[in-house]
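**Student:** With the hints as constraints, model all of the structure from the sequences given.
Protein chains in written order, with UniProt numbering: chain A, 1 to 303; chain B, 1 to 303; chain C, 1 to 250; chain D, 1 to 250.
No wet-lab data here; the hints were simulated from the structure. No false leads were slipped in.
Derived lysine to aspartate or glutamate pairs resembling EDC-like cross-links, with alpha carbons at most 20 Å apart:
| hint | chain 1 | residue 1 | chain 2 | residue 2 |
| --- | --- | --- | --- | --- |
| 1 | D | K76 | C | E42 |
| 2 | D | K8 | D | E78 |
| 3 | C | K236 | A | D32 |
| 4 | D | K236 | B | E85 |
| 5 | C | K76 | D | E78 |
| 6 | D | K67 | A | E286 |
| 7 | C | K76 | D | E4 |
| 8 | A | K200 | C | D72 |
| 9 | C | K76 | D | D84 |
| 10 | A | K200 | B | E281 |
| 11 | B | K200 | A | E294 |
| 12 | B | K200 | A | D303 |
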Amino acid sequence: MAEMRVNIAGVEWKNPVTTGSGTFGFGREYSDFFDLSELGAICLKALSVKPRQGNPSPRIAETPKGILNSVGLQNPGAEAFLSTELPWLRQFDTKLIANLAGSTIEDYVQVAEMLGDSVDMFELNISCPNVKEGGMAFGTDAKMIENVTSQVKQVSKVPLIVKLSPNVTDIAEMARAAEAGGADAVSLINTLFGMRIDVKTRRPVLRNNMGGLSGPAVKPVAVRMVYQVRQAVKIPIIGMGGITTGEDAVEFMLAGANAVAVGTAGIVDPYAWIRVRNGIEQYLNENNIADVNEIVGAVQMND
Amino acid sequence: MAEMRVNIAGVEWKNPVTTGSGTFGFGREYSDFFDLSELGAICLKALSVKPRQGNPSPRIAETPKGILNSVGLQNPGAEAFLSTELPWLRQFDTKLIANLAGSTIEDYVQVAEMLGDSVDMFELNISCPNVKEGGMAFGTDAKMIENVTSQVKQVSKVPLIVKLSPNVTDIAEMARAAEAGGADAVSLINTLFGMRIDVKTRRPVLRNNMGGLSGPAVKPVAVRMVYQVRQAVKIPIIGMGGITTGEDAVEFMLAGANAVAVGTAGIVDPYAWIRVRNGIEQYLNENNIADVNEIVGAVQMND
Amino acid sequence: MLCELVGKRKLAEKIYDFTVQCPEMAKNARTGQFLHILCGGEAYLRRPISICDVVDKRYIRFVFEVKGVGTDALAKYELGSRLDILGPLGNGFELHPEDKNAVLLIGGGIGVFPLLFLAKQMKGRATVLLGFRNKQSVIMADEFATVSRNVFLATDDGSFGYHGFVTDVLKNILSSNPVSRIYTCGPAPMMKLVCQIAGENALPVQASLEERMGCGIGACVTCTCTVGGQRKRVCKDGPVFDGAEVEWNG
Amino acid sequence: MLCELVGKRKLAEKIYDFTVQCPEMAKNARTGQFLHILCGGEAYLRRPISICDVVDKRYIRFVFEVKGVGTDALAKYELGSRLDILGPLGNGFELHPEDKNAVLLIGGGIGVFPLLFLAKQMKGRATVLLGFRNKQSVIMADEFATVSRNVFLATDDGSFGYHGFVTDVLKNILSSNPVSRIYTCGPAPMMKLVCQIAGENALPVQASLEERMGCGIGACVTCTCTVGGQRKRVCKDGPVFDGAEVEWNG
Ligand SMILES: Cc1cc2nc3c(=O)[nH]c(=O)nc-3n(C[C@H](O)[C@H](O)[C@H](O)COP(=O)(O)OP(=O)(O)OC[C@H]3O[C@@H](n4cnc5c(N)ncnc54)[C@H](O)[C@@H]3O)c2cc1C
Ligand SMILES: Cc1cc2nc3c(=O)[nH]c(=O)nc-3n(C[C@H](O)[C@H](O)[C@H](O)COP(=O)(O)OP(=O)(O)OC[C@H]3O[C@@H](n4cnc5c(N)ncnc54)[C@H](O)[C@@H]3O)c2cc1C
Ligand SMILES: Cc1cc2nc3c(=O)[nH]c(=O)nc-3n(C[C@H](O)[C@H](O)[C@H](O)COP(=O)(O)O)c2cc1C
Ligand SMILES: Cc1cc2nc3c(=O)[nH]c(=O)nc-3n(C[C@H](O)[C@H](O)[C@H](O)COP(=O)(O)O)c2cc1C
Ligand code: FES
Ligand code: FES
Numbered sequence: 001m002a003e004m005r006v007n008i009a010g011v012e013w014k015n016p017v018t019t020g021s022g023t024f025g026f027g028r029e030y031s032d033f034f035d036l037s038e039l040g041a042i043c044l045k046a047l048s049v050k051p052r053q054g055n056p057s058p059r060i061a062e063t064p065k066g067i068l069n070s071v072g073l074q075n076p077g078a079e080a081f082l083s084t085e086l087p088w089l090r091q092f093d094t095k096l097i098a099n100l101a102g103s104t105i106e107d108y109v110q111v112a113e114m115l116g117d118s119v120d121m122f123e124l125n126i127s128c129p130n131v132k133e134g135g136m137a138f139g140t141d142a143k144m145i146e147n148v149t150s151q152v153k154q155v156s157k158v159p160l161i162v163k164l165s166p167n168v169t170d171i172a173e174m175a176r177a178a179e180a181g182g183a184d185a186v187s188l189i190n191t192l193f194g195m196r197i198d199v200k201t202r203r204p205v206l207r208n209n210m211g212g213l214s215g216p217a218v219k220p221v222a223v224r225m226v227y228q229v230r231q232a233v234k235i236p237i238i239g240m241g242g243i244t245t246g247e248d249a250v251e252f253m254l255a256g257a258n259a260v261a262v263g264t265a266g267i268v269d270p271y272a273w274i275r276v277r278n279g280i281e282q283y284l285n286e287n288n289i290a291d292v293n294e295i296v297g298a299v300q301m302n303d
Numbered sequence: 001m002a003e004m005r006v007n008i009a010g011v012e013w014k015n016p017v018t019t020g021s022g023t024f025g026f027g028r029e030y031s032d033f034f035d036l037s038e039l040g041a042i043c044l045k046a047l048s049v050k051p052r053q054g055n056p057s058p059r060i061a062e063t064p065k066g067i068l069n070s071v072g073l074q075n076p077g078a079e080a081f082l083s084t085e086l087p088w089l090r091q092f093d094t095k096l097i098a099n100l101a102g103s104t105i106e107d108y109v110q111v112a113e114m115l116g117d118s119v120d121m122f123e124l125n126i127s128c129p130n131v132k133e134g135g136m137a138f139g140t141d142a143k144m145i146e147n148v149t150s151q152v153k154q155v156s157k158v159p160l161i162v163k164l165s166p167n168v169t170d171i172a173e174m175a176r177a178a179e180a181g182g183a184d185a186v187s188l189i190n191t192l193f194g195m196r197i198d199v200k201t202r203r204p205v206l207r208n209n210m211g212g213l214s215g216p217a218v219k220p221v222a223v224r225m226v227y228q229v230r231q232a233v234k235i236p237i238i239g240m241g242g243i244t245t246g247e248d249a250v251e252f253m254l255a256g257a258n259a260v261a262v263g264t265a266g267i268v269d270p271y272a273w274i275r276v277r278n279g280i281e282q283y284l285n286e287n288n289i290a291d292v293n294e295i296v297g298a299v300q301m302n303d
Numbered sequence: 001m002l003c004e005l006v007g008k009r010k011l012a013e014k015i016y017d018f019t020v021q022c023p024e025m026a027k028n029a030r031t032g033q034f035l036h037i038l039c040g041g042e043a044y045l046r047r048p049i050s051i052c053d054v055v056d057k058r059y060i061r062f063v064f065e066v067k068g069v070g071t072d073a074l075a076k077y078e079l080g081s082r083l084d085i086l087g088p089l090g091n092g093f094e095l096h097p098e099d100k101n102a103v104l105l106i107g108g109g110i111g112v113f114p115l116l117f118l119a120k121q122m123k124g125r126a127t128v129l130l131g132f133r134n135k136q137s138v139i140m141a142d143e144f145a146t147v148s149r150n151v152f153l154a155t156d157d158g159s160f161g162y163h164g165f166v167t168d169v170l171k172n173i174l175s176s177n178p179v180s181r182i183y184t185c186g187p188a189p190m191m192k193l194v195c196q197i198a199g200e201n202a203l204p205v206q207a208s209l210e211e212r213m214g215c216g217i218g219a220c221v222t223c224t225c226t227v228g229g230q231r232k233r234v235c236k237d238g239p240v241f242d243g244a245e246v247e248w249n250g
Numbered sequence: 001m002l003c004e005l006v007g008k009r010k011l012a013e014k015i016y017d018f019t020v021q022c023p024e025m026a027k028n029a030r031t032g033q034f035l036h037i038l039c040g041g042e043a044y045l046r047r048p049i050s051i052c053d054v055v056d057k058r059y060i061r062f063v064f065e066v067k068g069v070g071t072d073a074l075a076k077y078e079l080g081s082r083l084d085i086l087g088p089l090g091n092g093f094e095l096h097p098e099d100k101n102a103v104l105l106i107g108g109g110i111g112v113f114p115l116l117f118l119a120k121q122m123k124g125r126a127t128v129l130l131g132f133r134n135k136q137s138v139i140m141a142d143e144f145a146t147v148s149r150n151v152f153l154a155t156d157d158g159s160f161g162y163h164g165f166v167t168d169v170l171k172n173i174l175s176s177n178p179v180s181r182i183y184t185c186g187p188a189p190m191m192k193l194v195c196q197i198a199g200e201n202a203l204p205v206q207a208s209l210e211e212r213m214g215c216g217i218g219a220c221v222t223c224t225c226t227v228g229g230q231r232k233r234v235c236k237d238g239p240v241f242d243g244a245e246v247e248w249n250g
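**Tutor:** Below, the structure is given as structure tokens:
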């Protein structure tokens with residue numbers, strides 16, 4: 001049996017598989033399908049200082065091998081999370097990652113302070129395309145990334161992951177800015193900004209007009225970005241974007257990801273997370289690889 | 001019967017359907033499948049001053065509902081085109097668009113001069129991700145776009161379309177730069193930069209490591225960008241990226257495209273161009289729309 | 001869960017009636033709940049389809065209209081195929097055996113199908129009002145007749161039954177009969193009107209909502225509607241909600 | 001073109017033998033050409049598969065190994081299905097009826113299949129050398145035997161026929177027999193060696209190349225190989241090239 005443990009910025013995960021924030025809620029629903037302790041970590045739904053209602057429906061549209069969503073960070077707020085969700089989550093033997101949302105730097109700082117060390121890691125969500133303020137605007141400007149990262153880092157009691165937006169010209173620059181700001185790790189990709197129009201009604205399918213594209217369709221872009229970020233920074237990378245099988249996950253790890261997240265695939269198949277974890281293990285065993293960390297960044301580029 | 005004619009920067013096309021440059025060669029192969037005069041325009045394979053060999057194989061990789069290519073602008077050069085391909089192409093009653101490739105501004109200017117007014121329109125390809133110099137580097141910087149556009153415009157004897165790269169933070173800014181440089185139209189999107197790794201060999205599938213993603217997978221990103229560009233500039237837009245059916249084409253036109261190009265779908269189905277043209281016509285007839293120009297930009301945004 | 005397709009009938013143009021073998025799900029199924037079906041073909045997401053009936057405690061029946069790529073692919077499955085289905089999902093209709101007066105089930109279009117299971121559970125107490133486009137699209141009326149007290153049909157063009165909307169029939173009934181409760185499923189404009197009429201008559205009403213869905217189990221929060229000022233998940237908190245609280249434009 | 005699947009056999013683990021009805025294509029098919037098949041399932045692009053035989057001038061037979069998503073989906077088609085196929089495509093093998101001495105057909109793995117049609121066209125003149133992994137993977141040897149002068153088999157593990165590579169058999173033959181020409185299809189390393197040996201013996205050699213393809217008809221220029229210092233399209237300029245000119249690492 002291959003060693004599946006990975007160390008992400010000092011936090012040991014029992015395997016490299018986590019959930020894409022926002023696709024797994026706070027885990028309750030999926031706990032009917034499998035034991036959440038099987039996951040390396042659970043990345044929770046975005047949390048903001050105050051509860052948020054998100055955008056009106058429809059909030060989801062199907063695209064070729066992908067989906068657009070415009071949920072817009074609906075969540076019960078950090079306080080309700082601490083009182084209602086966290087105690088329940090703590091029964092599982094897995095790491096918890098809180099995804100931090102905000103409209104201003106102060107928001108991010110405040111939610112980080114509210115959560116303190118109640119979870120194992122923070123993921124700074126500066127890449128959501130579905131909110132008017134904050135969100136993607138922060139994540140597409142290197143100076144902003146460095147600034148918000150360093151301010152949140154100052155108050156963070158747990159390792160800080162910065163989640164990068166793919167809607168940029170130069171992803172490596174954004175990763176370097178996060179590293180410079182003190183990020184302990186980066187995760188990528190968040191969703192690509194997209195739109196779908198219903199030709200019958202002549203209106204965008206999403207009530208919010210535009211939304212974030214995820215799922216298998218985006219995988220080649222995500223793998224490319226993970227590779228580019230691996231060349232640019234030293235901190236660990238959590239790779240995601242369309243991962244559906246163990247082989248997809250291996251592809252991301254070969255490109256340079258130290259761990260992977262599965263999101264949209266789980267929306268289609270609630271067992272996707274477990275299948276991916278098992279698939280990685282199977283790949284390692286079939287290829288006589290003793291430790292999953294051996295494949296991280298092990299892609300051999302053609303000259 | 002609905003009116004299908006469109007006017008793109010003063011050039012009248014008999015219908016709004018053209019070919020994605022590089023997916024249709026110089027038309028010879030597809031002329032075995034249908035009469036090329038059925039197309040509004042034919043956008044030809046990239047042409048450079050000198051012949052180019054392109055990149056080594058494999059140059060194509062399949063991805064979920066898409067493909068990556070790394071052809072790298074293989075072409076016989078402008079001279080051979082003029083002597084060998086153009087006379088043959090002139091037998092068809094359709095407009096011809098030459099796609100101009102280069103590594104330096106001088107290259108672009110020179111190829112435009114060589115072609116003179118031998119074709120009906122030029123498309124300036126400053127967005128190819130598959131060449132080391134020129135290509136995408138030009139297309140991701142607004143100042144460069146404006147500069148190369150204005151210099152090529154000065155020598156252009158025919159209307160100049162500038163083809164935009166989607167690998168940018170702000171597509172509207174790029175379109176405005178093209179317009180400022182004197183572009184008569186813009187076309188978008190070129191391919192998204194991506195990568196696929198073979199987990200068995202641990203090498204990128206493409207011999208050139210990375211390549212351009214096209215096909216249905218990219219459609220939501222392309223539609224979003226066409227909409228954004230429509231809000232930013234006044235010049236006509238040729239929309240493309242994953243168009244496979246008439247309804248897809250209508251989606252792009254509703255978003256703001258005055259005409260559409262089909263590329264990858266034709267690689268899978270040689271009749272795709274004709275199916276798209278017929279599909280647009282069917283949509284117009286079924287919806288009692290007298291003129292295809294009525295749907296251009298006619299999307300009703302949700303408030 | 002993989003469920004064998006053991007029954008397949010075409011009821012009308014584009015309307016299919018499927019029966020799948022799934023003892024586990026059938027055992028737990030309640031009226032108003034739905035299945036989330038992987039259709040294949042060009043459809044990437046699952047498609048929600050209501051439970052139309054449970055047969056012999058082992059089979060679930062569902063009826064659907066071919067609308068787009070998903071239902072089109074679904075309609076192509078052959079007997080003996082195994083469908084990947086999640087379910088039963090959601091909160092169904094609440095039965096009120098204590099109701100003394102008439103209980104109205106009001107369905108329109110594809111909203112008719114889930115009401116059959118409900119009518120059956122009502123053991124003959126249901127008065128059913130069904131609206132269709134025209135005579136050709138009238139389906140399952142006989143089945144409803146055998147399990148209900150009364151069936152009223154309306155068609156938009158008057159080619160069968162009452163000429164007009166099912167909501168007109170509703171008003172007629174309310175004007176002359178004591179009614180305890182209303183259940184409704186169908187197009188949003190119809191349900192909105194039904195709920196409004198129910199409100200005017202101070203009658204409790206349960207409405208089964210539709211929204212585009214992702215996971216179907218409550219995790220992705222994409223399928224929300226606004227109920228009582230709160231964003232609720234149609235898949236998990238519904239699809240059946242208190243009709244008085246639904247904000248139809250939210 | 002839609003072609004009905006009229007014959008389907010499993011020849012070995014993961015190897016399928018399909019026959020499709022397509023009089024038009026069959027009439028024009030030449031040895032060494034290929035079909036470009038829309039496989040469905042998760043496969044977006046078509047898949048190139050060589051013509052293995054033409055039967056009764058109306059049917060085309062092709063044999064393929066299940067490798068990935070495309071061939072996997074292809075193998076699932078049932079008799080009577082209609083496959084979307086482009087073809088016949090490419091330039092095939094050139095026949096040289098004037099050849100006086102032995103003509104060698106050298107195949108390995110899936111490269112064996114297209115050689116059957118070639119052997120048949122040679123009307124008994126062909127000497128066939130086939131390489132397989134092991135005894136279990138030996139297929140179609142009997143069929144080749146009935147249409148060829150001679151069949152030599154080699155397996156990598158010696159479990160059947162000659163123990164070793166088909167190129168060793170080739171060397172043996174060349175050392176004791178006059179040979180006019182060589183045709184080869186199989187894994188690139190094998191073909192490279194065959195072409196090298198042919199070169200050393202000043203023999204003409206035709207090699208059928210494989211490359212990842214898009215359109216299959218010459219337009220997208222994604223399937224190139226380097227032949228005589230030029231980038232050539234495998235689909236249109238090939239797949240058969242003069243083996244002396246192929247740059248195996250280009
Ligand atoms: C709880 C629930 C129960 C349902 N029960 C039935 C039933 O018993 N019989 C029946 O025929 N239909 C039912 N529907 C509607 C059915 O789910 C849609 O008609 C179907 O999803 C359309 O998919 P498509 O691929 O054929 O169409 P497409 O238009 O190709 O679908 C594209 C996307 O839109 C979504 N979508 C399209 N229309 C609807 C809709 N009206 N509601 C929700 N999502 C939609 C699809 O899920 C998909 O994501 C139900 C819907 C819900 C929410
Ligand atoms: C001219 C020609 C003739 C062929 N004839 C036969 C034949 O008669 N019988 C047979 O079994 N196979 C044949 N092949 C190989 C066959 O095309 C591949 O095995 C098949 O495409 C693999 O597809 P997949 O989806 O199963 O595998 P995947 O690995 O999932 O394919 C992924 C992608 O890689 C491409 N690909 C993978 N392997 C190859 C390969 N070796 N050559 C070219 N493209 C590849 C596929 O086309 C696809 O784009 C031929 C190939 C060529 C080029
Ligand atoms: C419905 C939905 C909701 C999401 N919500 C969030 C969120 O709240 N915070 C966040 O950082 N990313 C969010 N994402 C992005 C995912 O976490 C992930 O980055 C992206 O979907 C790519 O991975 P995938 O293709 O595996 O889904 C969301 C994605 C989806 C589909
Ligand atoms: C094989 C291939 C070659 C291409 N070559 C060129 C090219 O030479 N010049 C260019 O401007 N775009 C080129 N493109 C991009 C297409 O013209 C088009 O912008 C893109 O593929 C998106 O459209 P599609 O999804 O319909 O293919 C190429 C695309 C493909 C798939
Ligand atoms: S569909 Fe995911 S929460 Fe309802
Ligand atoms: S596959 Fe398109 S040119 Fe060969």
